[in-house]
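Peer 1: Listed here are the chains, written in short residue letters.
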Amino acid sequence: MKLRTEFVEGLRISSEAIRGNLLRSVLTTLGIVIGIVTVTLMATAIQALDSSFREAISFLGTDVLHVDQREWFIDSDRKWEATQKRSKITLAQVRAVERGLGNVQGIAPTVMHGIDAVRYKDRSSSMVILTGTNEQYVITGGITLSAGRFMTKAEAYANRDVCIIGSDIAENVFLNELPLGKNLRIGTQSLEVIGIIEKRGSVLGQINLDSQVIIPIGKMTAGFRYDPSCTIQVKVGDTARLDAVREELRGLLRKVRRVPPGQPDDFAINQQEALLERFRQVSAVIATSGFFITGLSLFVGGIGIMNIMFVSVAERTAEIGLRKALGARRRTILLQFLIEAASVSLLGGFIALLIARGLVEFAKRFLSTLTLSPGIVLLALGVALVTGIVSGFLPAWRAARLTPVEALRNE
Amino acid sequence: MSLISLTDICRSYDMGSETVHALRGVSLGIERGEYVAIMGPSGSGKSTLMNVLGCLDTPSSGIYELNNHNVGEMDDDELADIRNREIGFVFQTFNLLARSTALRNVELPLVYAGMDVDERREIALGALRHVGLADRVTHRPNEMSGGQRQRVAIARALVNNPSILLADEPTGNLDSRTGTEILELFDALHAKGNTIIVVTHEENVARHARRIIRIRDGLVESDAPSE
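First to last, the sequence lines map onto chains A and B. The first sequence begins at 1067 in my numbering and counts up one residue at a time. The second sequence begins at -5 in my numbering and counts up one residue at a time.
The hints are simulated quantities; they were obtained by calculation from the structure and are not laboratory data. Because the structure is a prediction, the values reported are computed rather than measured. Even glycine gets a Cβ: it sits at the ideal position worked out from N, Cα and C. Errors might be hidden in some of the hints.
[What the hints assert, rightly or not] Just a few of them, taken from the derived set where beta-carbon distance is under 10 Å, the chain A residues facing chain B:
(1) Lys1068
(2) Leu1069
(3) Arg1078
(4) Gly1086
(5) Leu1089
(6) Arg1090
(7) Lys1390
(8) Arg1396
(9) Thr1469
(10) Val1471
(11) Leu1474
[To be verified] From the derived model, a few chain A residues whose C-beta atoms are all more than 12 Å from chain B:
(12) Ile1181
(13) Asp1304
(14) Leu1341
(15) Arg1382
(16) Ile1399
With the sequences and hints as input, model every part of the structure.
Peer 2: Next comes the structure, spelled out in structure tokens:
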């Protein structure tokens, strides 16, 4: 009860003191303002990058295993050379995996191939990604169609002349015509459009998933890439079983590819987690350097607050003496000046948040995923509060330790 | 048992190489309801005696008992509580908080006593009314005359119902007419039963008291009823 009274009184005194020296208080907070603006923008940028990265790689699926010849990330030249010697993952091996692996939602072999152009009438679309696969790709690739249907098992295995196209191709090549049932010319072949994929955007601005054409894998090996190495996508359907399926798949592949016991795998089972892990490393580097700058400006800001609090204590020594004479305990005086330091720092925090808000609003024009989240606002205010309390402690302690006689004499 | 009992109080300060003996063995007793003036030239030790009496300072040796509390054995926070409960200070320079209203200034001891807002407002208003400032409650010190400021200080000193009113040169910063008003207020408070100790070097101030203690060179020179 007493503590609450002291706290309320401390708030009152500090608000009077800050209003009495408003300009000085605001100038003092400059270092804090810079620090908090940095910490806020840093955190906001990392959050925005994180969410756009997650969105970007979501097409890989969190519960999908990707069997490749090589690992997505190879750390050394030696490892890379070793992977060069690995044999291709053939369609026959894919069939063996399909037969051997039970209890998964889907297995799809995929072969990707960049081609110059696809044509319809006199219009063409360039920079197209051609994907050869089977009917399960709709599951493993997490594909949603905006019109039509995906290929059937029969179409996939009989190498029918069908294709499913991305939304960019539907717009650019077919313009106002309905693409379904029309024939799209790819190289020398002509394939009927049976489905259109919903708009998906691009991966980190690099791979345009909407400029994609999906065809039966047999068509791919017959017309575009003879004897390719396949990527096998396996949708587990349950992230909890991911590791178990991964082990089962690994054993199966070693048997199928006849890897002798004791030898390392001659294939890689990749998953989204690896990409996220990479990204986390990158954002950790950004965060570390950013927080170093932040820490530095907060340190400078903290010193500023400490300084002004020493001035404040010196100016109000007589007042401290009076308060002590009237019955203020050490703790009361300590609390009073700590609250004042924290308030000055929080004032800086609020100013910084206003500035950061303006900057974020401005930057939104370039990166729409930027938002000043409530968590970051709390973080910023928390950092300001802690900085204020830490840097105010020494002056407050000195004030609390003053003897009333000495303090009263000071007028 | 006396309200105040000093036994062989010494107070010395270390000033670098030499030690200054401000009080060299003061013994005296003050009863409840007395009106005492402490007099002495500057450097006599009267300010140190006032600080000891007010529990702002502790004696180097000797025993000080205030209202049955042995003050010499108390730590800083206990002394703060004793000052809060037992002593009301009136200073020469008023020592009001410049940014706060008269009411806030008077409330201050109650804040440190941990009283809640409504109750302390009530009591502080009563104390201001008591010193004739009911119409100056929301004024700040710079909006008041010297006499009014000292009245606010007296209201603040009385608001906790202390055992002693301890005034240090209460009229030193006032013109003689206002000073007389303040002294008349002290007379009235004494008549109501308050214990008052005034530290002064002015004879006409001391004459209001019933007893005058003269200090010289850290010792009680004389202790007699005023004529």
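Peer 1: Check the structure against each numbered hint from earlier and tell me which ones fail, lowest number first.
Peer 2: 5, 6, 15 and 16
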